[in-house]
Amino acid sequence: MSLVIKGSTKEWEVVIGLEVHAQITSKSKLFSGASVNFGADPNSQVSFIDAGMPGMLPVINRVCVEQAIKTGLGLKAKINLKSVFARKNYFYADLPQGYQISQYELPIVGEGVIELDMSDGQTRSIGIERLHLEQDAGKSIHDLHPEKSFIDLNRSGIALMEIVSKPDMRSPEEVGAYLRKLRSILRYLGTCDGNMDEGSMRCDANVSVRPVGSEELRTRCEIKNVNSVKFVMQAIEYEAKRQVDIYETNGEVLQETRLFDQSKVETRPMRSKEFAHDYRYFPDPDLLPLELDQKYVDKIKQNLPELPDEKKSRFISEYNLAEYDAGVLVSENAVADYFEIVTKGRDPKISANWVITNLFSVLNKKGLSIKESPVSALNLGQLIGLIEKNIISGRIAKDVFEIMVEEQKSPEAIVEEKGLRQISDTGSIEAAVEDVISENPDKVKEYKGGKTKLIGWFVGQVMKKTKGKANPGLVNKVLSEKL
Amino acid sequence: MMSELTRLTISKISKGLKEKKFSSFELVSEYLNEIDKQKELNSFITILEKSALESAKVSDKKIGNGQSGPLEGIPIGVKDLFCTEGIRTTAASNILNNFIPTYESSVTSKLKDAGAIFIGKTNLDEFAMGSSNETSFFGSAVNPWKLNNSDKPLVPGGSSGGSAVAVSANLCTASIGTDTGGSIRQPAAFCGIVGMKPTYGRCSRWGIVAFASSLDQAGPMTRSVEDSAFLLSIISGYDPKDSTSANIEVPDFKSLASSTAKGLRVGIPKEYFSDELDSEVLNLWEKGKEWLKDSGIEIVEISLPHTKYALPAYYIIAPAEASSNLSRYDGARFGLRVDGNSLDEMYSNTRSEGFGKEVKRRIFLGTYALSAGYYDAYYLKAQKVRQLIYNDFLDSFKNVDLILTPTTPGTAFPLGDKISDPISMYLNDIFTVPASLAGLPAISVPCGLHSNGLPLGLQLIGRRWDEGTVFNCANILENSSSFNKNLEL
Amino acid sequence: MAMKEEIVRKIAILSRINVSDDELDNISRELGSIIDWIELLKEVDTQSVEPMTGGTDIKSFKREDIVNDGGYQEKILKNAPSKNDNLFEVPKVVE
Chain F
0 MSLVIKGSTK EWEVVIGLEV HAQITSKSKL FSGASVNFGA DPNSQVSFID
50 AGMPGMLPVI NRVCVEQAIK TGLGLKAKIN LKSVFARKNY FYADLPQGYQ
100 ISQYELPIVG EGVIELDMSD GQTRSIGIER LHLEQDAGKS IHDLHPEKSF
150 IDLNRSGIAL MEIVSKPDMR SPEEVGAYLR KLRSILRYLG TCDGNMDEGS
200 MRCDANVSVR PVGSEELRTR CEIKNVNSVK FVMQAIEYEA KRQVDIYETN
250 GEVLQETRLF DQSKVETRPM RSKEFAHDYR YFPDPDLLPL ELDQKYVDKI
300 KQNLPELPDE KKSRFISEYN LAEYDAGVLV SENAVADYFE IVTKGRDPKI
350 SANWVITNLF SVLNKKGLSI KESPVSALNL GQLIGLIEKN IISGRIAKDV
400 FEIMVEEQKS PEAIVEEKGL RQISDTGSIE AAVEDVISEN PDKVKEYKGG
450 KTKLIGWFVG QVMKKTKGKA NPGLVNKVLS EKL
Chain E
0 MMSELTRLTI SKISKGLKEK KFSSFELVSE YLNEIDKQKE LNSFITILEK
50 SALESAKVSD KKIGNGQSGP LEGIPIGVKD LFCTEGIRTT AASNILNNFI
100 PTYESSVTSK LKDAGAIFIG KTNLDEFAMG SSNETSFFGS AVNPWKLNNS
150 DKPLVPGGSS GGSAVAVSAN LCTASIGTDT GGSIRQPAAF CGIVGMKPTY
200 GRCSRWGIVA FASSLDQAGP MTRSVEDSAF LLSIISGYDP KDSTSANIEV
250 PDFKSLASST AKGLRVGIPK EYFSDELDSE VLNLWEKGKE WLKDSGIEIV
300 EISLPHTKYA LPAYYIIAPA EASSNLSRYD GARFGLRVDG NSLDEMYSNT
350 RSEGFGKEVK RRIFLGTYAL SAGYYDAYYL KAQKVRQLIY NDFLDSFKNV
400 DLILTPTTPG TAFPLGDKIS DPISMYLNDI FTVPASLAGL PAISVPCGLH
450 SNGLPLGLQL IGRRWDEGTV FNCANILENS SSFNKNLEL
Chain V
0 MAMKEEIVRK IAILSRINVS DDELDNISRE LGSIIDWIEL LKEVDTQSVE
50 PMTGGTDIKS FKREDIVNDG GYQEKILKNA PSKNDNLFEV PKVVE
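Residue numbers (numbering that gives the first Met the number 0), protein chains in the order written: chain F, 0 to 482; chain E, 0 to 488; chain V, 0 to 94.
Next comes chain F alone, as it looks inside the complex:
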């Protein structure tokens, strides 16, 4: 799955590591009691602490710590029982304290791993380097005035987890799979809503290239703050080609921070900051080292929800589902939950098929999420139950499903109301079969003369007479007898 770029001299591969900033799901900020709600009036969700007022002090939010631990456990990572908050010093308009409180030498979470299922059926393990807690900055608004920028501090101090991967990815596809998988894990855990368009998940990509077969790590460029999976993939593809072009023409790639221009689909260097890399990290003297009790961590571990990988294995072993189907169903916790309600007491393969094929096509068409589905899991389950109990045929079921989408009624009510119940009494089927036989003597003759394929035509005629409600198995059986 590596992206191989053919240069004029040799073939190149791309090496990618990601830094994902995930906003922690919490009510208040990392170090203050101000609200984190999205879209509030400017500077209305700002405490004196978030505004960097003189004499203000941070106090850590218990839930944010717990969410970071949960996430660490979900990434099968080591939880550090002692971690330290450090100040990252730099001046910027939206950084009121003149430093960001982050973690540097001792992060709360150490090494972990994310397993990726690639579309070619292969799996890839991507290493997690670390996860640390830090505060978000405020927002600068540059487009309101030609000579002024404006600052809204509502985001200032919101809790973020920075999740740093190892440079283990080799293609934009792997990056896409990594981001989707990470988002899925975060959502399962309830530690981040993963909404990239609201900025609650943002991504920096470190990109370098090297000749295929080489193990060296060449100079990397950091592409900052890309806010959709698609854009990250595009940015990496562009950046890798740019670097290859430089090397192929005997140039040197400069270590720099670059921005992705969505409209031009290209990266360009950020205005270079002098000494930008001297952040003068040091332990924040306003905060004591964050010390955790192993028992506390163990308790969080015990209460961890089932995660995508475990759920997938369970779906395969418990429901006998195909690997692919199981993967699709667990990608979102809500989908997996939906499926499990649908299939309760019903055939899992048929249930999976209905969810993946029929339901997803309706949701896609209408642009709805599973939570907004017009058909409830209970009703879809009931519909499958009606098929299994031979009350309706699979074909009728599709019609019923379409009505369910539009009218949000239970399938039983629709079947009753529209008289769609399958005819399973031999008497009325025999009558219909006899009618068809007597009305079509020539076809009967042909059939008897050896054209047995006509049986299908006869079934069709009987179904037509019964308005599709006849049990197809019975029709077949009666027809073979009568003919």
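If you are wondering where the hints come from, they were derived from the structure by calculation, not from laboratory data. As the structure is a prediction and not an experimental result, all values here were calculated from the model. No false leads were slipped in.
What the simulated footprint calls covered on chain F by chain E, stretch by stretch (three residues with Cβ under 8 Å from a Cβ of chain E suffice, anywhere in the stretch; the number is not a length): (1) 52 to 61; (2) 93 to 106; (3) 284 to 291.
Virtual Cβ for every residue (Gly too), placed ideally from N, Cα, C.
We have chain F already, so just place chains E and V on it with the hints.
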């Protein structure tokens, strides 16, 4: 009687107010009068004439109704480093010249709740960086004491110089200061008053303009040890808004101060001796030992081997923290702004005009100590040395209950004498800095006069959270030295 | 020994404090002499010593996750040197 009012201690004023011998309004008026008379001392940056008189009326009513708080009607000077809601708070810096906080610091809130009246915001070294009060944007406060036969104005010490002057010159009953490396104790010694730096974490730092976060502590500056103990018990206590504030009980310091000290062991650190030490300082130290012995206290020689490294370590750690703490003064959200053509230019113009020389020097020093390539050699090294200094104290406190040292190597010096030589200025804090680095409680008690006519103080250092024992022995020094009697109080 | 001028210039930029050419020499010498004095620390053996962090040995305290602060826009903006429509105004930032 009236002219004597301004010289009384908290306990005497409280008694007088309750017995209706005088009113808080009269008291405040007296002080305001004195402040006006002694303007040249420049001890206040902001005088709260109107609000103090109004508060006094309220206090008088409360006293009449029997609803008075423990500090009801007592005029207190507040170092202009504490944020006070609706009252300009400058940190003696041009950069906060126009800053009016919309919040009240935890310590001043406690004082207000106790019924104290804020008579003014006292002068200090800019951002508490200094040992003479000369770095103040508003000019130095001046020591009310004079050398024998000389009218030369003397420094009050720093950084809480204005707070020390205000108490010493009878411009308020007591004041609060902050101490980072000696900023309460050194000016207290220079001005002949009692200055207490409590254990780090005893008083909330919330709302105090930060200098060096791991060292800053608020504390009382008073005429007597009893007042010091009483005022500390009011401003102490756990604050969930300060992560470094300790959630431990605040004892009744005042009663601890007067309990028996017999059987205690007091250490004399040999490393605090030096040939350069003023012989009169040495003599006073000897006297201190004798006074303690006379009260049944055992004197033990101890060793604090890393003492000489305390000051250099401090001058890495404090500036490093300060360089980061002062980054927020950038002209964007509050305080001074000097415009520029770009954001960075605005920052640089604002900070260059807003900060004074010493503050800039320390920002540079701290920035250097934290910058890439120097961090391990300076900042990390200093924090390791700091641990060794703390370990020295821990070892000593296995054998002794307190440590007795001089507060300063000498007496107050003339304005301008040391301002151009940073290191000689820094050496003022040679005896106070070690306890600061170790987070220990320490008090300076005025114990005598130098032959040059200026007061000298002795310092007692205690175990963490053991201010009670510190006050206890301080009481003995105060009584034995009869320093207050010298003042004919 | 005076601090190298290029280092002084670097820390001045990092600190966002202007240092004019006239001041440079003096500041280099002052900082240099303070650093020389601080070099005394080098003689201390700190090989097996953990650095002290903070001034206290108390344990960390965690706040409950409740919204009990903020919501006072006017207090946040009250001291702003320049503001517009509830936003802080600063010179244009170019990214």
